[in-house]
Structure formats: structure tokens, C-alpha cells
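*Asks:* Residues per chain, in single letters:
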Amino acid sequence: MPHISVDSYYCKGCGLCVDVCPKAIMALNFGEISQKGYHPAYCSEQSECTACLSCAMMCPDVAITVER
Amino acid sequence: MSAPTTEKQSEKILFSRPKALAEVLTNYCPGCSHGIIQRLVAECLDDLGIEGRTIGVCPVGCSVTAYDFYNCDMTQAAHGRAPAVATGIKRALPDSMVFTYQGDGDLASIGMAETVHAATRGEKITVIFVNNAIYGMTGGQMAPTSLPGQVTQTSPYGRDVAAAGYPVRVCELLSSLDGVALAERVTVNNPKNVRAAKKAIRKGLEYQMEGLGYSIIEVVATCPTNWGMEPKDAFEWLADNMLPYYPLGVYKDIKAVGGSAAVADEVGNG
Amino acid sequence: MAEKVLMKGNEALAEAAIRAGCKLFFGYPITPQTELAAYMAKRMPKIGGVYLQAESEVAAINMVYGASAAGKRVMTSSSSPGVSLKQEGISYLIGADLPALIINIQRGGPGLGGIQPSQADYWQATRATGHGDGQIIVFAPSTVQEMADLVASAFDLGDNYRMPVMILADGLLGQMMEPVELPEPLGDAALPARPWALTGHHGQRSHQVVNSLFLDAQELEDSIVRRFQRYEQVRKNEQRAECYLTEDAEVVAVAYGAAARVVRSAVNKLRQEGLKAGLIRPISLWPYPVDVLEHQVGISKAFMTVELSMGQMVDDVRLAVAGRRPVNYFNHTGGIVPTPEEVAVALRRVLAGEELHIVPFHSKLKGEQQ
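Protein chains in written order, with my numbering: chain L, 1 to 68; chain S, 1001 to 1270; chain V, 2001 to 2370.
Derived Cβ-Cβ restraints for the label pairs, each shown as a range:
#: 1; chain 1: V; residue 1: 2196; chain 2: L; residue 2: 35; range: 30 to 36 Å
#: 2; chain 1: V; residue 1: 2229; chain 2: S; residue 2: 1012; range: 52 to 58 Å
#: 3; chain 1: L; residue 1: 35; chain 2: V; residue 2: 2213; range: 20 to 26 Å
#: 4; chain 1: L; residue 1: 48; chain 2: S; residue 2: 1012; range: 15 to 21 Å
#: 5; chain 1: V; residue 1: 2240; chain 2: S; residue 2: 1228; range: 58 to 64 Å
#: 6; chain 1: S; residue 1: 1245; chain 2: V; residue 2: 2240; range: 58 to 64 Å
Hints were generated in silico from the structure; no laboratory data involved. From a predicted model like this one, the values you see are computed outputs, not experimental measurements. Built from N, CA and C at the ideal position, the CB exists for glycine as well.
Chain L on its own, in the form it takes in the complex (with noise of 0.2 Å):
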């Protein structure tokens, strides 16, 4: 099964794989502030990530990982 991971380190909360997800599992989240201020993205919902890849090939951060 296919795994994201968010490095909230790199991640910057600009909200593009938000956008770009497929499937709409990727959500920023606002219970969180990054050492940076920002509110990192996280995954909602691994179980349904197809491994397509948009939201990493979208990251300016470089920030997310995706692994099988």
C-alpha cells in the first residue's frame, strides 16, 4: 500500500498537492504550526493514495516522500 509522508520541516502550507490530489486525501493541517509558522499538509486518508505521485511532483519544498 502506498504511503505519504510530509516532512513538516520542508513543508510550507502552500496548499498545492491539496489541490492537485486526485483524490482528495492530502488537507493542511491547522492543529499544527511548523518550527516556520506555517501549517504543514498531511495525508487524511493513506488507505485511498494511488502512488500517482501529483502531489510530490507539485511540492516546492520537496518536503513529501512517497513509498510502497
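Take the given structure of chain L and dock chains S and V to it, following the hints.
*Replies:* Only chains S and V this time, still in chain L's reference frame:
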């Protein structure tokens, strides 16, 4: 920094940070295209196995701090002078791989002479040209590639072409020069175009490895902060406004039949 | 001992640079340095080096920046208006601690000026080689032989102190022919290592950066202070000057480059008349040879500078003499080289206790000769 590695043999990393990219947080604004483009360059250095013999040149503009973002040797250059600095490096070390990473103000305004002449000399360098139609670092002034009517800090009533002239189409301009091996315009507004952009950058580096001449990959990009838009809206504005003015495609390819390929539609204008 | 050959100053500079291990030359045509570039265009391909005619002086100096960052001995040459264009790049070389040799075969200015010999770029070379806090080493040869000799020294000091070095000559020296004994060629193995250079890390070390940008003000100040500590070493170790008949001189002329050649003749003339005149000829314009002047203050009654400008180096003489003796000056500018007779007249008047100041006196002086 959690580089997620796994002990399980069944698990495989499908996407992670390229090795040529340093493990530092960039100083770019959230949603800035620079991050995507710089990652693609790093991925190409990894894929081609050339990080160890690559020297990057980053001139003034938002590109300038990129010397901290790559693991290959890097130099900072004066505004517009990256092609000249790259020429000096490449002529001194012909076996090295040299790329410049330049913005639109740098490449098409203050550095136009250096750009045109490095291109016409056929310098064996690869130029990554980030065209976001604005001066980012200085806070959003009109660029040589700002669109007619585009509002910026220094064109507050919209770019008036009667007074400020017309935007420069760089790939079209350079494609007439014999020294150019590859001139291709790409964008990074969706995953498909990101993949196409990477292919073009890789091709530009390969042409340099083969000693074919000057290669330029123009990446039509966004500047959400200075455009005053959300990152997602900025990409929509790019597709609606910039791509009609700056059509994607291959403008010169020394390997194509006749040396110059027609504008390719398959990369998706929009 | 190598045999002497007859060469133009511009050509001697070029050949000496090649023999000092310079493998790359970037330039742009301008009178009166043209022979230097032409010589390089001919010779560089024969030694596997690079001659490249850049699209502008601005591009040329930035190519120098790139080649120096890549670890090579590299040079450019130009003349006054062209050097103005290079100032941006020189500032970046200073800021990135990159060595490079820059030749200025001066002509008259400001603006397009003229193409006759001049020394009006003294301030530019020693005070204002670009924006920011910084200096370059400046050498001023006075003969074709010295032009050849200073080149290797310039490259070595550049490497040693990691800073650009300029050879400041003029159209007279660049164009004139004199017999010259050229230095033996240096093998590549004899060149100093540049461990800081960008050569690609080849998996052997971490990445290296050549840079002049420090967004943190404290880091910038630290980098500048470290550079000025090196400058202090340069001031201490690298002052150069020739003293000619100065030990008992009542009046000492201070002149460099082409002007010093004229002054030497004038001093000889006065000595034949039994008058105690001498010449201090600065060879390093930065660092200025203040120690020699300090010593001379204890000997001489008066000083007089002779320059092919409205009086620029005179500032440095005044700083060194610090009001203890009168500092007179006698100048021509705009491409006019004074005659030994003119200078001799001026020196006699200074010896007689007169205070002499510049061009408006010239017509009077000329009158006196007749």
C-alpha cells in the same frame, strides 16, 4: 528532518528528495515555482550522475541564494552576468557541466547581451530560465516579460506597451541563432507539465554532455506573492494569460529534422 | 641568461602572462591596448589556452570571474573607458576573494576622452575600483622590461592574498618598443594550488561556493574585516618604489609610469647643474610606498609630483608627508606628456622656494625655456 527510510524489503521509495538538493529549507515564499524547478534540476543531476562534475551559476534575483540549495559546486554571479561567468568556468574546465539558473529580469533585461552572445557563441552550457513575468526579489516590479496590461509595482496602471514596450519572447528570439542547440519552453503548472519540464531540462544537460552547444529551457512560472494570488490561483492565471503569450514547445532542436522543430502541442498548452 | 628581444609594452605584458601560467584571456577591443589582445589571439591557441573576444568589457570581466572561480590563472586587459565598465566585475572579484590580473593601458578621459597616454585613472585604480569596501593591488611599471617583470609578481600576489591585481600603465608604455628579457615559462606544476576553487566535488569533498553575498549583516562585516586584515599584510609587505638620487636630495619629484621616465631626465639635468634633485618612483600604487616617503621627509626640503592628470597621486604624497614639507605639483593632462625641460624648470622653481601648482603655469614655464 525525517528522511523516511524503511527496513522492509517490500517497501520501495517512489518519490523522495533528490541527492543533489541540499537538505536546507529554501527562502522562497510558499507555493513558489522556484522550488519545483530547482528540484527538477537536482533530479536531472542525480539521474545523469553528474553532480560531482557540475558547477552551477546563480545570478542576482530570487535565484541568487540557490548556491546554498545544491550539493554541487556553485557560484553566485552579478545581475545578468551568469552566461559570462558560466562561459569563464566552462572554458576553464571543458569537462565540467555548467548550468545557470536565471530569472526574467536577469536574463532578458540586464543580461540580454550576455545571453544573446553566449547563445550565439554556442557556449556549451545549460540555461534554466525562470519566466514569472515579474521581479520577485525586489518586490514585484515590471519585468521584460511582464504581459501587456499586467499590473506591477512599477506598472501600477498595467503595462502600457506604448510607453514600456512589449514583452520579450526569449525562446523565439534565441531560436534564430546558430549556436543554440536546444530552446524549449515548458511550465510546471500541473504534474504532467512538471514531468515534461524535467524531460526538457535533462535534454538540455544531455546536449551539453554531447558538446552540441547552448541549451535554454524556459520555464513559465508563478510568483504568487508578487502577483498577489494564492499559489493555485497563480497557476490558473499562468495558464489563462501567460501560456497564450508564451506558447509551450520546442523552438530549436539541433537534433530535430531541419534543426528546428515545430511548436509541439503534446506538452499541453494549458 | 635569456636573450633580449625588442617588444612593445603591450606584447611584453601578454607574453609574460603566458609564461606566468595564464591560460585564459578575455577582452574587448580598445585603443591603446589592442596589441595585447591581438598577441593573445595569436598565441593562446598555440599553447592550448583560451582567447575569447567578449561581447563587452562587462562580459569579459565576468568571464574572468568564472575562470578564476574555476581555479585558473586568468587575465583581461583594457583601457580607461573599458575599465570603467569592468568596475562592477572587479567589485565582485574583490567580494568573492578571487585573484585575477587586470591591465589598464590608460588613455585620456573623462568620457571618451582621447587615445593619448594618460594617468588619470589613478583614483579609479586605488580608490574606486567598484562599489563597496575593497582594494586591489596596483602596480605601475615604467619600462617594457618592468612590464614583463611585474606580471608574474602580480599573479603570485593575487594568489597569495586572494585578490585582483591591476597593472596600471599607459598608452606610451603600451605602444613603445624596448629590448626586454622575458622570464622563463612556469610549468603548471609550479602554479600555486587553489583548494577553494570550483572544480566539481567529484565525490571527494563537500560542495564549495564562490560568493560575495551575505544577507546577514554581521557575516558581511566579518568577511570584510577578514579581508582588511589581509590588506594590512599587503600594506606591510608589498610596498614597492625606486629611489633615484634621493639620499641627499633637497627636492624630490614623485612620479610613476611614463611620467617617471621624463622626470628621471629632468633630475639628471639638474644634477649636471649641481642641483640636488631626486626621484621617488612608486611601483606599487596600492599599497602606496609610504615608508619610503616617510624616510624622505627627514631628508628633503620639498616634494613635487609629476603626473599625466590634474593631480591624483598627489593626494597620497600629501597624506604621507602630512604637512611637514610643501608638496607641489606639476602636471599635464588630456594626453600631453611633459618634456624633461618643462619638469626641470618646475623643479628649479621649487628649489628656489616657489610654490607650484599645475596647468595654468604651463604656458609661463614654456616661456621661460626660450
